[in-house]
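The primary structure of each chain is shown beneath.
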Amino acid sequence: GQSLEQPSEVTAVEGAIVQINCTYQTSGFYGLSWYQQHDGGAPTFLSYNALDGLEETGRFSSFLSRSDSYGYLLLQELQMKDSASYFCAVSEDKIIFGKGTRLHILP
Amino acid sequence: DSGVTQTPKHLITATGQRVTLRCSPRSGDLSVYWYQQSLDQGLQFLIQYYNGEERAKGNILERFSAQQFPDLHSELNLSSLELGDSALYFCASSGDRGNYGYTFGSGTRLTVV
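Quick mapping for you: the protein sequence lines, in order, are chains F and U.
If you count the first sequence from 1, position 15 lands on 15 in this note's numbering, and the numbers rise without skipping.
If you count the second sequence from 1, position 24 lands on 24 in this note's numbering, and the numbers rise without skipping.
Honestly, the hints are just simulated from the structure, not real lab data.
Note that the structure is a prediction, hence the values are computed from the model and not measured.
For glycine and all other residues, C-beta sits at the position ideal for the given N, C-alpha and C.
Take the hints with a grain of salt, since some may be wrong.
[Stated by the list, open to error] Estimated spans, in silico, between C-beta atoms of each pair:
| no. | chain 1 | residue 1 | chain 2 | residue 2 | range |
| --- | --- | --- | --- | --- | --- |
| 1 | U | E75 | F | E5 | 18 to 26 Å |
| 2 | F | V13 | U | H73 | 39 to 47 Å |
| 3 | F | D93 | U | R109 | 27 to 35 Å |
| 4 | U | S80 | F | I17 | 30 to 38 Å |
| 5 | U | E53 | F | V13 | 22 to 30 Å |
| 6 | F | D68 | U | S38 | 29 to 37 Å |
| 7 | F | T57 | U | L61 | 32 to 40 Å |
| 8 | U | G28 | F | E56 | 21 to 29 Å |
| 9 | F | G28 | U | Q67 | 23 to 31 Å |
| 10 | F | T57 | U | V113 | 40 to 48 Å |
Please model the entire structure based on the sequences and the hints provided.
Here it is, written out as structure tokens:
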């Protein structure tokens, strides 16, 4: 079966940096992706890592270590609008999502 | 607007009833995926269709069924509804196998009373 583990909640201060970790167990693996979801909204795609290393997209970066079955999402220069839930997801023949990390940002 | 259209946005119905949720994928996308999200829960994969054919199945209840039509729109049918079926139901689409990333619709909020 598959399982993904990520913290349920993280709190950070506006302007700071925060890292959301994700570990996974899966029988087949193509890559790790991250999605953002604001309350009541739809998940939106942030990033995808198929290979080991760091992918940077603006203020957001995502890292993958396939040998450690581990990845993280790094958010820099936090803004209040970044308050949302963040889901890691593993790609097999379909995408399986973790339970999400709710990010609280303090002014 | 993500390009994935879901209707209706809200649905309130009684236990034991049957409802149909509709999804039109983004133009050009062949794959459609259905997910269920209960309060404070993650996204539970239900089922995937690719170009009209069922491709993958998750923990979808026998009371639930889906199909994808020749014009690529999809419908999720939920029957003998129970209170626990109250949730947000999302449809997502992708261009191929979808391993890269999905585009989600805005969801249908189903409330069973």
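Against the structure, the hints come out as follows:
no.	hint	result
1	U:E75 / F:E5: 18 to 26 Å	34 Å, violated
2	F:V13 / U:H73: 39 to 47 Å	45 Å, holds
3	F:D93 / U:R109: 27 to 35 Å	28 Å, holds
4	U:S80 / F:I17: 30 to 38 Å	49 Å, violated
5	U:E53 / F:V13: 22 to 30 Å	49 Å, violated
6	F:D68 / U:S38: 29 to 37 Å	31 Å, holds
7	F:T57 / U:L61: 32 to 40 Å	37 Å, holds
8	U:G28 / F:E56: 21 to 29 Å	28 Å, holds
9	F:G28 / U:Q67: 23 to 31 Å	26 Å, holds
10	F:T57 / U:V113: 40 to 48 Å	42 Å, holds
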